[in-house]
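Residue numbers (this note's numbering), protein chains in the order written: chain A, 253 to 401; chain B, 7 to 135.
Treat the hints as calculated values from the structure; they're not laboratory data.
Small disclaimer: the values here were computed from a predicted structure and weren't measured.
We treat Cβ as the ideally placed atom computed from N, Cα and C, and that holds for glycine.
Some clues are possibly wrong.
Unchecked claim - Okay, derived cross-link-like pairs now, EDC-like style, lysine to aspartate or glutamate, Cα gap no bigger than 20 Å in a straight line:
| hint | chain 1 | residue 1 | chain 2 | residue 2 |
| --- | --- | --- | --- | --- |
| 1 | B | 76 | B | 44 |
| 2 | B | 25 | A | 330 |
| 3 | B | 25 | A | 326 |
As the list claims (entries may be wrong) - Per label pair, the in silico range of CB-to-CB distance:
| hint | chain 1 | residue 1 | chain 2 | residue 2 | range |
| --- | --- | --- | --- | --- | --- |
| 4 | B | 50 | A | 356 | 33 to 41 Å |
| 5 | B | 8 | A | 359 | 30 to 38 Å |
| 6 | B | 7 | A | 325 | 19 to 27 Å |
| 7 | B | 28 | A | 331 | 21 to 29 Å |
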Amino acid sequence: MKLTLDDVFDGILGDSLEGMAFTICDRSEDQDFDWEDESRLWSSIDLLSPGSGRLVLVTDPETAKSLARSVTGEQTTDEATELAVLEELTNAIGGRWLAALETTGAETQLGLPKSGRGSLRPGEDAMACVYEVDAGRLGVLLASLRGGG
Amino acid sequence: MKSILVVDDSAVARRIAVKCLSSIGVGEKIREARNGQEALDMIREEAPDLILADLNMPVLDGVSMVRKIKANPRLVGIPVIVISSILDDARRRELRERGVDHLVEKPVSPPLLAAAVEEIRERQEAEER
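So here's chain A without its partners, still in its complex pose:
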């Protein structure tokens, strides 16, 4: 199964962000996004079955802070919490997406989420999409596992 950032993904992303962070999320009309900004926070998870790829969420520190506040309900957050929130969002979105795509009865398999700060250079085979959330902008990358994210 070839994974693509399609309407199914958009629905899962929107539901997850609304459910966890109480924020509305839509595809941005402006798809320009500085993926290589060193201040970006990111989280990734490997999607192993059905299909394979690496899903990466990327955002700026202010948006990450706002998402963390919404998810935890706490006004003061640190970078570790903001990265953990991004990981949890990536985990929920990746898992729900694969489960929604699964039609053969096979087991859905997901890796463990990772996160960090720094620039990301999307590989040539990566699909990228930018979304608007209440707090700011969220970049989503879907890369082949061989190509990296």
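Let chain A serve as the given structure and place chain B on it in line with the hints.
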């Protein structure tokens, strides 16, 4: 259900689960474990009244943890709610067969958790009658 054990490798996910439990007034004593093995160690020290567990965890995953709990005659009666994003049909079937009492899809919310706890309570009361 006074004593509850929340098992998830994500500190944020544990925090969300604890907040949900608090908001529905469940659990006077809530303990947290970071993976299935840590949970088993804590359960051996003191068995909780309810376990909330993630599936996708390092060291010992949620399915393996549930298998060990349900294979132990002393622990088999502890209700387990699995909270996970990866709940496809095959996994739901497997978890039900392994004795998981309720499955809740992430993101967890107080109403979802309250419904799961209520269903378990009703089942326990029916078994006691």
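Status of the hints after comparison with the structure:
no.	hint	verdict
1	B:76 with B:44	holds, 16 Å
2	B:25 with A:330	holds, 19 Å
3	B:25 with A:326	holds, 11 Å
4	B:50 with A:356: 33 to 41 Å	holds, 39 Å
5	B:8 with A:359: 30 to 38 Å	holds, 35 Å
6	B:7 with A:325: 19 to 27 Å	holds, 23 Å
7	B:28 with A:331: 21 to 29 Å	holds, 26 Å
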